[in-house]
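If you read the protein sequences in the order shown, they are chains Z and G. Our numbering puts the first residue of the first sequence at 103, with every later residue one more than the last. Our numbering puts the first residue of the second sequence at 3, with every later residue one more than the last.
Please note: incorrect hints may appear among the correct ones.
Some chain Z residues judged to face chain G by a derived CB distance under 8 Å, without partners named [as the list claims (entries may be wrong)]:
#	residue
1	109
2	110
3	117
4	143
5	147
6	156
Listed next, with one range per pair, are the computed distances between beta-carbon atoms [stated by the list, open to error]:
#	chain 1	residue 1	chain 2	residue 2	range
7	G	189	Z	103	40 to 50 Å
8	Z	153	G	75	47 to 57 Å
9	Z	198	G	181	14 to 24 Å
10	Z	170	G	111	28 to 38 Å
11	G	188	Z	124	31 to 41 Å
12	Z	130	G	111	48 to 58 Å
Below are the DSS-like pairs computed for lysine-lysine, each with C-alpha atoms no more than 25 Å apart in a straight line [claimed, not checked]:
#	chain 1	residue 1	chain 2	residue 2
13	G	138	Z	133
14	Z	124	Z	163
15	Z	120	G	144
16	G	149	Z	208
17	G	144	Z	153
18	G	163	Z	158
19	G	163	Z	208
20	G	232	Z	141
21	G	172	G	232
22	G	144	G	180
23	Z	153	G	163
24	G	149	G	172
25	Z	153	G	138
26	Z	200	Z	134
27	G	138	G	172
28	Z	163	Z	134
29	Z	200	G	163
30	Z	163	Z	208
31	G	149	Z	153
32	Z	208	Z	124
33	G	138	Z	120
34	Z	158	Z	120
35	Z	134	Z	120
36	Z	141	Z	120
37	Z	208	G	180
38	G	172	Z	153
39	G	128	G	138
No lab work stands behind these hints, which were simulated from the structure alone. On a predicted model such as this, the values are computed, not experimentally measured, just so you know. Note that beta-carbon positions come from the ideal geometry of N, C-alpha and C, so glycine has one too.
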Amino acid sequence: MSGELSVLSCSAGDIRVKVDPKDPVTVERAKKMIQDMLKRGYLLAIEIDGKLEMVKEFDPKTGEYIIIESVTAAEEEPTDEPVTSTEPVAKRGRGRPKRIPMTEAKVTGVPRTAGG
Amino acid sequence: MPVTWEQIAEVASELAEEAGEWCGAPVPVDDLRLSIAPGYTFGKLDGFRFKEDEYTEGEELKDTLAEAIESRVINSWWCARRGGWVFVLKGRGGKSRHLIVDGYATRPVETLTRLLMGLSVCEVQKLDAEFMAMDKLRSMVKPHLFKMYIIQNILLETSPKSGVTYILRKGRPTIAMKADGNGNMRILSVLCLHPLGYYEGSFCGCMVPTDELIAHLIMIRANEHFFWRKANHHRSYEWESGL
Numbered sequence: 103m104s105g106e107l108s109v110l111s112c113s114a115g116d117i118r119v120k121v122d123p124k125d126p127v128t129v130e131r132a133k134k135m136i137q138d139m140l141k142r143g144y145l146l147a148i149e150i151d152g153k154l155e156m157v158k159e160f161d162p163k164t165g166e167y168i169i170i171e172s173v174t175a176a177e178e179e180p181t182d183e184p185v186t187s188t189e190p191v192a193k194r195g196r197g198r199p200k201r202i203p204m205t206e207a208k209v210t211g212v213p214r215t216a217g218g
Numbered sequence: 003m004p005v006t007w008e009q010i011a012e013v014a015s016e017l018a019e020e021a022g023e024w025c026g027a028p029v030p031v032d033d034l035r036l037s038i039a040p041g042y043t044f045g046k047l048d049g050f051r052f053k054e055d056e057y058t059e060g061e062e063l064k065d066t067l068a069e070a071i072e073s074r075v076i077n078s079w080w081c082a083r084r085g086g087w088v089f090v091l092k093g094r095g096g097k098s099r100h101l102i103v104d105g106y107a108t109r110p111v112e113t114l115t116r117l118l119m120g121l122s123v124c125e126v127q128k129l130d131a132e133f134m135a136m137d138k139l140r141s142m143v144k145p146h147l148f149k150m151y152i153i154q155n156i157l158l159e160t161s162p163k164s165g166v167t168y169i170l171r172k173g174r175p176t177i178a179m180k181a182d183g184n185g186n187m188r189i190l191s192v193l194c195l196h197p198l199g200y201y202e203g204s205f206c207g208c209m210v211p212t213d214e215l216i217a218h219l220i221m222i223r224a225n226e227h228f229f230w231r232k233a234n235h236h237r238s239y240e241w242e243s244g245l
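Given only the sequences and the hints, what does the whole structure look like? Please build it.
Here is the structure:
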């Protein structure tokens, strides 16, 4: 299994790096790219189960992306209050950190933006 | 052997990558001023252009008008009902009056000017880059939507969270629409956002058009609030909307 890191690029259109755990050189290159991008305010979007989430941090020691997984009302710990709806509602500002290895993730980097 | 703008753009991007800017670097083109995203490493490029041109910004209309009629503009606004800008003027004698400038009559000229201004951007953008971006887009959307994009230059995306439908257009701002409850769709806003930066006075960004569209799509899917916060909001009747 290998991950993929891509960056939207001016001259190339899209730079892609396969993050193969058997290839330490590309893994190191990808780590440098991820750190460079986060430091410079790029948006890193990670694909999880067909959905995109924003990467909050990266741990270069373990090679893991850290995201804040949104917690829905349905997943919260039960309370004594009666449940009025079964619809999962995302709670703003709440979430739990989740670590995803870079060798298993598909991530796209978008540089800082300017409104036109 | 002459050096092409594409080659210059390639070298600029290689230098940027060495400095840790993996998105590359934009190259200025004739007459169009670069507007660069705040925080970009090569921020000095912001506002750069090769030579001054003579076209006047829309904002200068007020001054020109006031000068012409020896009056002072004390207020102005867009009137959707009249389809134009309403100016309230105060003359030398202190007498006030109003003037309506037909917005729809002048807009096609403005839009056409911007459209043609953007043609020079083709010199610095590579065809291969556009194909690479298309290839990436193909992996992100369903086949029938990709076909729609290639043939019609538009992509539809509805957010399951907000229910907002986005019409993403190649080389134009994204239109955000929502059903009003009576079966009609209403334009909420036209959202303009360029990764890295854009060429002022045109619809063109520093990246190839499909990359720009991918950036919109990623933001809509990953963090819609972030997209709305970062983008410039244009009203549908303004030339900037590209409608």
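Right, here's what the structure says about each hint:
no.	hint	verdict
1	109	holds, 5 Å
2	110	holds, 5 Å
3	117	holds, 6 Å
4	143	holds, 5 Å
5	147	holds, 4 Å
6	156	holds, 5 Å
7	189/G - 103/Z: 40 to 50 Å	holds, 44 Å
8	153/Z - 75/G: 47 to 57 Å	holds, 50 Å
9	198/Z - 181/G: 14 to 24 Å	violated, 34 Å
10	170/Z - 111/G: 28 to 38 Å	violated, 48 Å
11	188/G - 124/Z: 31 to 41 Å	violated, 53 Å
12	130/Z - 111/G: 48 to 58 Å	holds, 54 Å
13	138/G - 133/Z	holds, 22 Å
14	124/Z - 163/Z	holds, 17 Å
15	120/Z - 144/G	holds, 23 Å
16	149/G - 208/Z	holds, 24 Å
17	144/G - 153/Z	holds, 14 Å
18	163/G - 158/Z	holds, 21 Å
19	163/G - 208/Z	holds, 22 Å
20	232/G - 141/Z	holds, 18 Å
21	172/G - 232/G	holds, 19 Å
22	144/G - 180/G	holds, 22 Å
23	153/Z - 163/G	holds, 12 Å
24	149/G - 172/G	holds, 13 Å
25	153/Z - 138/G	holds, 16 Å
26	200/Z - 134/Z	holds, 21 Å
27	138/G - 172/G	holds, 15 Å
28	163/Z - 134/Z	holds, 12 Å
29	200/Z - 163/G	holds, 21 Å
30	163/Z - 208/Z	holds, 19 Å
31	149/G - 153/Z	holds, 22 Å
32	208/Z - 124/Z	holds, 17 Å
33	138/G - 120/Z	holds, 14 Å
34	158/Z - 120/Z	holds, 21 Å
35	134/Z - 120/Z	holds, 14 Å
36	141/Z - 120/Z	holds, 21 Å
37	208/Z - 180/G	violated, 31 Å
38	172/G - 153/Z	holds, 23 Å
39	128/G - 138/G	holds, 16 Å
Comparing the model with each numbered hint stated earlier shows that hints 9, 10, 11 and 37 do not hold.
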